[in-house]
Amino acid sequence: MAATAVTTESAANPFVILSAEPPPLPRAERGLESRSPLMPQIPLQDGEQYRFHFDMSKCVGCKCCEVACSEQNNNPAEISWRRVGEVEGGVFPFTQRLHLSMGCNHCVDPSCMSGCPTGAYAKDAKTGIVLHDADICIGCEYCIWNCPYSVPAFNAERGVVGKCDMCHGRLTAGDSPACVAACPSEALAIEIVDIAEWKSKYRDEANAPGLPSADDTISTTRVTLPADMPLHTEKADYHRVKPEKPHYSLVAMTVLTQLSVGGFAAAWLLSLFGGADGLGTAALLSLALGLASFAASPLHLGRPIYALLAVRNVKTSWLSREILGLSSFGLAASVYAAMLLWGAPGAPAVGGLASLLGLFGLYASARIYLVPGRPAWNSRQTIADFLLTAATLGPLLPAAVGSEYGVLSQAAAPAAVAQILNQLWRFLRLVRSEEYEKQASARLLSGELARLFLLRLGLLMLGAVALPAMGLAAAGFVLTLAGALIGRYLFFVSVVPKNMAMTFFERREAA
Amino acid sequence: MNVKRLLGLDTLKEKYAYGRDPRFGHTAAAKIPDRWVATTCGYCSVGCGMHIGVRGGKAVAVRGNEEHPVNLGKLCPKGLAEHEVIAAGSRAKYPLLKKNGRFERIGWDEAVRKAVDEFRRAQRRYGSRALGVVSTGQLVTEEFYALGKLVQLGFGANNYDGNTTLCMAGAVSGYKRSFGSDGPPGAYDDFEEADVVFLIGANIADNHPILCYRLEQNRRKTVVVADPRVSKTARIADIYLPLKPRSDIALLNGIAHILIRAGLIDRDYIDAHATGFAQLRKHLEKYTPERVARVTGLGEEQIYRVALLYGRARAPFIAWTMGVNHSTQGTETVNVINNLALLTGNVGKAGASPFSITGQCNAMGSRETAFTASMPGYRKFDDPGDREELARLWNISPDELPANRGHAYPDIVEACIKGEIKALWIIATNPLVSFPNVEVLKQGFENLDFLVVQDGFHPTPTTEQADLVLPAAIWGEKEGSYTNSERRVSKVGKAVEPPGEAKSDFDIFLDFAENLGVKEKLYPGWSGPEDAFNEWRKVSAGRLCDYSGVSYELLEKHYAVQWPFTPEQARRANGKRPPTSRLYADGKFQTPDGKAKLFAVEWEPYPEQPSDAFPFVFNTGRTVEHWHTRTKTKEVKILERMSPSAWLEMNPRDARRLGLKPHDRVTVISPRGRVENLELRITEIVAPGQVFMPFHYAEKNSNRLTQSAFDPISREPNYKQAAVRVEKSGAESVA
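Order-wise, the sequence lines are chains Z and D.
Heads up: the first sequence is residues 1 to 511, going by this note's numbering.
Heads up: the second sequence is residues 1 to 735, going by this note's numbering.
If you are wondering where the hints come from, they were derived from the structure by calculation, not from laboratory data.
C-beta atoms are modelled at their ideal positions from N, C-alpha and C, and glycine is treated no differently.
Heads up, some of the hints might be wrong.
So the derived list for chain Z, only partly shown, Cβ under 8 Å to chain D, looks like this [as the list claims (entries may be wrong)]: (1) V60; (2) K63; (3) Q72; (4) A77; (5) E78; (6) V91; (7) T95; (8) E157; (9) R158; (10) G159; (11) D175; (12) P184; (13) R240; (14) F505.
Just chain D, same shape as in the assembly (with noise of 0.2 Å):
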């Protein structure tokens, strides 16, 4: 501090001036830029477009894009600072090598002939499946997609999966399952459009703000949320239904049976277009408004109330997210979803869908390119027909493309600690923070011979354990597409050049096929990720994931396209924005036969249920201020300062039984491990014999307490229902 300022005589007025930004006026000086690059949020499925201030090759700002379709130029809290991320101090910079267990510096070449080498080793001494990639879904598309040929055709490892197995896998293969493919029907006009709005397990106050702003243009909507917190988005409800954890089956089933018994479902469009409703309808007998109540605590009025009410919608919109798919029947519980507006007709209809609200800003990008759970553009591994047309799109022979998927996430955790996998491949996820029951993952660790975590950030949890580090370029740093929620592919715009020797996951791919000697055969003449992008357009072309018709050059122009788009689509929108696109409207689904199922599923209690040991329900969520782990959120200071800090609720009637007062240190245990210091909120939030926390914090990890329970279908983790039980801490431990 110098002595101008001691004295008083500096104030930093030029630091505080104001100006006029040409673009969106008064404000501070400081974040006024040279230019502003327009892209797209970094963070959630929302996909908000947003501009990034420049300026001296540093960003300084950011502002939400008014003419974007998602946001109309709102963003959340954390998109607001966004640009902060950038700049963090824990950036990755340079590649690192783990010589005698400290990292030290190597040059790019170096570091990717050392992971060239180490994989292949593996792999000739154990076997093409000896190889493991776990990615993302916070790349760019056309980065999925040269990663999904990289790691399929140029390393013939098929044992690779994403973190959006942790997210939306529920979802993918309820989709699948009911309709025959993947890709979320509904768009976010229907928040709009809708008279009923049914939120399941999504807290959208918390977590897509945005889609709060969506909702909120809506003047005639009856919104019902189903969740067994009081959430912020339980707050807004017209109908909030506090239903016991994971009754959520019984509850829908019970919807169904009012449905079917009240007349009011749609037989026609069932006989038309769905298979599987005599089955239901039998199954659905016993899940009577009596026994749903005791199921779900609900009062039975209260479950005639939101069945009447669904099923006399006009327009009922259903959305859910990770309240459903955080579950050992997450994929079921979405086909009951599916169930509902199956039943009364009511899907890809303006206003009517059911609708996964996606979590990562690109998790839709992977599941449609990245060559994980199916091949791209969602073909089939073991479709005959969708193996001949990617081959030849590709021009290689069918038998060079993997004969069926590789592990799911969970799998190769497993196959890591069965010795299966011996190099593992980490891109952008932090998995010792998000992956449950965290100790299985750290031992799959300790039997791996070699471990590349390619990041954004150094260190994390998961980077520390690397053998070696490759830092990677982040949002605002490299150009690309992201597709939401909705199925719109928004543009990405590099605004900076990253720090350090740091690059884009793209070049990083190029650099390691060079290496492989496989470049020009998987990424034939690309020089940039626009070559990538446009050779997608044409293996996307003909599916229902059609990106065909979307170029660089349409998506500068409108911000954002929804697929499918092909070419006549974009001559009929005659440079014009083009029109609300939603799937499966005409009735024709994406099962061989043209028609959607219906499933009958049974309620089934959770598996870990509480015991004297463990009397609590754990369950976890986010706080509006985090993004996942928290590797770029903690690096915003503003975040940081709003939300330092985890803590966990109980309801106090609990607190008073166990003696504790807000704010005293807790520690919460499960049969699997404990979280010391917990700062303790009482509230009525949360129902007498639940408690709940966030995920966000590595140093207090709620993965060292959930499960390794998975959906058999999806493969996706019960992140929720963990028993636990909940000591002051310091005090003796009493099992």
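Next up, chain Z with everything else stripped away, as it sits in the complex (with noise of 0.2 Å):
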């Protein structure tokens, strides 16, 4: 290019300098077009998937490709399918605030899709791209759960989650997706991957400051770091840690179900070992307390009626599987209930098997809690947590009632202990762990939810140790009941999901 301009006066006006150099040239053609594309030049071979590129050493933060991705899906203004964040590092003035941009990640093994109940979620054959469908989708909000980055937002309008599918409409017309198109700094592009070749090294490639570890699901976005990236940084959100949605319908769920099938088993036990007046009553009440909130499931889900469609994937999802456990159930309960009704022979076997059907039930019921993105639910002590819940309030469901109970209501006192037990050590584990997200659960729970969770604990011990010994199982049960559902309130509540690092200001409330 020339450096000067050869100029030229204008006649009629002195002071205009007309240049005499052509008009400039298309950028391609000054050669201003070295760099790697933005869009893929050539087809996708088997194999291979399509992918962002995100260069964090370009990104000023200028979130354009968050509102470009806004008015590309048309989404309210608290839905961002792309999300721009923060982490800042260094010491005045070595200071480097840097910038996250980030869709989906179209992971490799995509945790929202083996999640989903329904089946709503596809790794498009083609192009890789983890393509969700909202015809399908029944808005339990699983998947938002499950995705490490929080990527999957819930659309309350709707009544059924919504995520970025790469534009796919727009590359397979051969333009680039919104946020690409927008972004000023060109930090954004599409780019092929080989898969194979990507799962060995997507460690050094996919990984960056502000993101969660790529490992959970093989994120297939690749991060330029910039070359003087500081040793150590903090998200920008990083002080600012909120409790999360209580899943109101949630708590009551899970707890009913699991007094239920506790408080069946106690009765089945209970009469298998010399029988008492009044366990059909209990086994009945049970039941239908289990009936009732299984009946009530279905409200938790932004499309309630389209409820069924959850067990469509009992092969990789636990939620599908928690489903089909509860209302077997829920149906051998049934049956052996009619069969003490009607003193049909055969009814222990039958209650036997409803037990271990429920006990499985809540297995599963756990299961959907064990998940890499959500780090402080991910451990046994969530399973050790519902099972304790049924074995402490089961055998107090009989006694409230009125039946026989004598040893019974003593035993949930190791049970209460056990959970008490579970629950402290739960609280150390969390505050011990070096994950940012366990220690922020931590904080909340010896922060802002300190007097509830001593609150429930408290109510255990009372409830369901020291009530009972006095023989006051009744009451007893009832706050052995008000503690677990604080318990899991708190539950729900203090999590901290994994998520890419926000702003200062934001931090979008996951599900």
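Each of the two chains sits in its own frame; use the hints to bring them together as a complex.
In structure tokens:
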């Protein structure tokens, strides 16, 4: 390019300097497009897929991508399928405030898809794009828990989840996605990745400060870090830890199903070892509670009418398995109840089967929460929590309805003590963890949620140990139930999801 | 919410469906319009070309114009959602007259009659200078041109200025002093063609993101950023200079000192095209790297490095914004920047110029046409030739032109306080948020007999104080043109009708003229903006800012053309897009002797130094999501969600000392006022001893803290470097 322009004066206006240079050539012809293109130039082959490339060294945090995405998909302002976050490191003036821009990472092993109970997710065979079908989605939001990046977003107006599809409709027409097209720093691009090769090297290229580990799902997004990346960075939202959504319907549903299975099993066991009056009532009440909570469970869905679709993915989804397990329990327990009523032989065996199915249902129910995206949940202590809740409430239920209890009500005490130890141990584990999310959960439990946490433990001690020992089993049952409900509420609100670093002001409320 | 939705039978499929727009491809069906209307963005002065999508008479989408030479299809986040501004709930829809403290809706006839009567009454009683007018950089050029004639010739009132004085007055005065005229010499192409890009007090990543796009196209650049805060722009610099606040004159003098000592100046150019070199050289002797390092807080080696880089560059480009202008020495800082360019012969060359990045979408159009700091076409009030020429063009006697410039904006406010101005007309600006040390302005308002506020929005803090509110059409609802930072004239299109009874400022000015009985005299044969534009073309012909070759037809074809542009250039362009233009490439300047002036400027400490009671230096600035006083952007949900509230940035070392934690609510106190409940952001991007706050938020207004200190030459406020202290909100004040 010529460094100086030869100029001539205009005859009409002495101030006008006319450049004798021809008008500038289009950018490509001026050699300005010498860098790697923002879109793949060749078609995909087998074993390859599209991915995002994000160049952190170029991003200036203007959020054009986020607004362009919102416009492209007509999303309401509170929903972002692409988000921009910040991390900061270094000491003034050697400070680096770096920005992250992230849509969906179109993972090799997408946990949104494996967790989805209805099969609303699919990994497109041709492009590798993780697609979500709103027609099949029932709005259970389980994918949001499963995604370690908190990518899927629930649209309350629609009752379904939605997420970045890499502008599939644009890509297939040869146009770049809205975010890529909007980025003024050219920090975003679409690339082709060889999946087998990527599996061996994603750790070096998909991980970045402010992003959760790519190990959980093998994110395909390639991130280029600045050469002068500070050794230590902090998320801009590091100090802004807020309780999550309480999910009241799930609080009620999980506790009640645990009560139901526990109560049923207790009644069944009691009847097995000698029987007693009123056990039938207890069993029926357990069953009724179970069925009621089960019937009410679709209410937490965005689209309750399609709740039955949730059994479609038994192959990979613990949610499907939970539903299957608990509904089988309901069925077997109903048969058991009918057999008891009619005095049919073989009832104890059917009761045993029902109890086993119930136990499996509770186990599956707990497994729903064992997701890498929610570190505070993701341990066997969640399974222990759920089963111990059943073991604490179960024996107290027959006692509460006035059946012959004796030994039984005392059986809640060891379970309660185990539960208290389980909770304390869990808390200690969170406190001592090096993971940000677990630490943050511990901060919540020892900070703004501390009083509730202590209340929950106190109620359990009082309701399941002290009162039954004094012969006040009914009152004990009520307090224990209250403690279990508070405990479950804490379980939901104190989890800190894995997420990308967000900005100082925002931290999208994950489901 | 309906039952079908609750059950999940209805998922609003239609609302969230996709379709194919013939022009922009696959997108949400709701964003596919009936037609696209070409226009220019109404936020900042980058001047991006865009299309507004109109469906059923409503603006539903905005897209960047890929053929526009400024932005090639890109838009910043504000631009990308700009259509939402039009349908904002806070739009002013009807003329409102305050009666007994309450606004009542009135008709337009009554409103215009009332305004004119009140203006005239004040002028009859207190003299013609008792009417003050404060306008903006937001109107279209045609409106500025019409308003200037109306105020200066129609009302005979010269106490007329724009809010542009709060913004670019330093650049204007600096250009006038150095080069003999206003007019930025460079062009955006320089961002791509320079090998060294030196940004001083310019955070383009937050304020002009599309210039980052232009810069990104340049593969061979070295970017130097001088800013006391590690801004987003500092982050993309190759060399970041964390200089102390307001030490830029020392830095620039120091660079000039090294350039002279190292022989990296262009003596031939200086001898041929500049005056004042001998004095400057003498003056610069004391700006040794050692002394400059002390003043700026930079290392000597950094100063050498940047000086040598600039001096050895093939094409060094040096651009600035508010870090330079918002200063009592703003004009002189611009002169010192111009010194560097002149010493090295880097003015108006491809890739090499001093360049002010302007603020508002049409601040430039205002500077050229508005009849405030100069007469239209950069004509001087005191130049008999200019007066003769303008009078002849307007078919009036030179005596009818004002003898001199009236008060500048801060002096208009001062005159309100003194009771010299009794009626004030504020157009498209929100000074109760944007004016420094805002209590002063409130005092001024209290002394007025009548305040008219003409705005696209109501209520704003300013319209609430008005006696009369005139509802104006905004961007997207009217036709005209904007001129951007690089002198590029770009067409503004009308996409939709204004809400309620709001009308374009242009029509309002015509109504005023009609009521005054001067419409035919001021606006002969005008019916629409194009008539004003065509008259302006004639008035500008032969001037530096020559629009004579620019027609609406040409603008509609090429979207945007840089001035100066004559019919001769139009002929040469031969239907193609005209080439990039720069000023002064031939070394001939607008001074009487045709030579530029070098200025020997002394660095001075800023006026309000920190003290024991007010130990922090208070810096202000912008965030990318918001525009000025947020009248528009707070109505755009996604922007408001991203940046909902003001914050205060403080270095961790200071926070530790004060026992403050992240997200604490703090109160900032200056000798003039306080801002409470700011969310504290503890960050290493500000230096110890400094704090930073964004200025957009009326609810937490930084201008309760800023000073009444002004550049004596340009009258631009020194918004930055107030001395403040910071306390935890709710804690007892310990002075």
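Of all the hints given earlier, name the ones this structure violates by number, lowest first.
none
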